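**Student:** Sequence:
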Amino acid sequence: MAQALSYYLDHFGLRERPFALAPDPEYLFWSPEHRGAFAMLDYGLSTRAPITLLTGEIGAGKTTLVHHFIDNLDDDVTIGVISNARPGVNDVLRRVCAALSLEVPAGVDSSDLFSVIQTFLVARHKDAKRVLLVIDEAQNLNRDALEDLRMLTNINAGRDEVLQLLLVGQPELRNMVRRPDLVQFAQRVAASYHLPRLDAAATGGYIASRIRQAGGNPGIFSRQAAQLIHEATDGVPRLINQLCDLALTYAFAAEMPMVKRDVVAQVLRDGVFFGAQGRSDA
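Quick note: the sequence shown, position 174, residue 174 per the numbering used here, numbers continuous.
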């Protein structure tokens, strides 16, 4: 398989796989919506918003965007990341401690965990450091966990709040926050953005951008092929990556110099792309 991959890269003049699934900030595609989302993240941090929400469909590129945002923050920001949130009051506070590299004794309760976090946040503020806690897959948190996080944002030093939250999740996160029993949490949300799927034109631009980043000719995929890819994936970047990678493999096996619509259609007919949701022809 490794040898076949090498041939695939050589065949199309690529340095590396342009459509790998792992989030990579170097491959971030700056659609207008991604620029808007990044601007909102920057706005939330610079205005010291207690809570910032970033939502989007599965595979919309939220994690890649957040990684890029984090990578470009100044040294005066202490960052803690919870990459896969789970429900639970005690669990979320313990995971906050782990994300901020705070040591806590075994068997302590929620109030003890809260105290440890509070002491750390106040100390960072005295050192003129801001603290940003990023929680990915935040739609998995239950009401009690969200309430515990809200209480953390209430910690302050004088007039200054000492913790900012960036919650990243699927669209249902927005619906959760709007529940009547979470009104106090919603009032702490000072910045939010929903990252939509790519439209047809942006899908073509996304494909060309990733090919270019990998050192190849952005014209490897024909316009008609990109159009069919958009139709089959509904503009979800993760699915676009999967289908494009398969299409490149098919085109290489057929010794074709580029990916045309017929190649993408063959991938869909063969049923190897599970994101097609049962579509068998084009």
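If you're looking for bench data, these hints aren't it; they were derived computationally from the structure.
A hint or two may mislead.
Distance condition first, Cα-Cα at most 25 Å in a straight line; then the derived SDA-like pairs of lysine to any residue [to be verified]:
#: 1; residue 1: K260; residue 2: A201
#: 2; residue 1: K126; residue 2: E172
#: 3; residue 1: K129; residue 2: E161
#: 4; residue 1: K129; residue 2: A214
#: 5; residue 1: K129; residue 2: P171
#: 6; residue 1: K129; residue 2: S46
#: 7; residue 1: K260; residue 2: G219
#: 8; residue 1: K129; residue 2: D160
#: 9; residue 1: K126; residue 2: Q213
#: 10; residue 1: K260; residue 2: Q213
#: 11; residue 1: K260; residue 2: R15
#: 12; residue 1: K129; residue 2: E57
#: 13; residue 1: K260; residue 2: R223
#: 14; residue 1: K260; residue 2: R188
#: 15; residue 1: K126; residue 2: A214
#: 16; residue 1: K129; residue 2: A99
#: 17; residue 1: K129; residue 2: G107
#: 18; residue 1: K129; residue 2: S101
#: 19; residue 1: K129; residue 2: H67
#: 20; residue 1: K129; residue 2: R159
#: 21; residue 1: K129; residue 2: D75
#: 22; residue 1: K260; residue 2: L100
Keep in mind the model is a prediction, meaning the values are calculated, not measured.
**Student:** Now look at each hint and say whether the structure bears it out.
**Tutor:** Do the hints match the structure? See the list:
1. K260 - A201: holds, 17 Å
2. K126 - E172: Given pair K126, E172 is violated - Cα atoms ~37 Å apart, limit 25 Å.
3. K129 - E161: holds, 12 Å
4. K129 - A214: violated, 37 Å
5. K129 - P171: violated, 32 Å
6. K129 - S46: holds, 13 Å
7. K260 - G219: holds, 10 Å
8. K129 - D160: Between K129 and D160 the Cα gap is close to 12 Å, so the pair holds against 25 Å.
9. K126 - Q213: The given pair, whose Cα atoms are some 42 Å apart, is violated under the 25 Å limit.
10. K260 - Q213: holds, 20 Å
11. K260 - R15: holds, 21 Å
12. K129 - E57: violated, 33 Å
13. K260 - R223: Holds. K260 to R223 sits at ~8 Å (cutoff 25 Å).
14. K260 - R188: violated, 49 Å
15. K126 - A214: Distance ~44 Å between K126 and A214 Cα, so the pair is violated.
16. K129 - A99: holds, 16 Å
17. K129 - G107: violated, 30 Å
18. K129 - S101: Distance of about 15 Å is within 25 Å: holds.
19. K129 - H67: Within the cut-off at roughly 20 Å; holds.
20. K129 - R159: Within the cut-off at roughly 15 Å; holds.
21. K129 - D75: Holds - the C-alpha atoms of D75 and K129 are around 8 Å apart, at most 25 Å.
22. K260 - L100: violated, 49 Å
In the structure shown, a violation is registered for the earlier hints numbered 2, 4, 5, 9, 12, 14, 15, 17 and 22, in ascending order.
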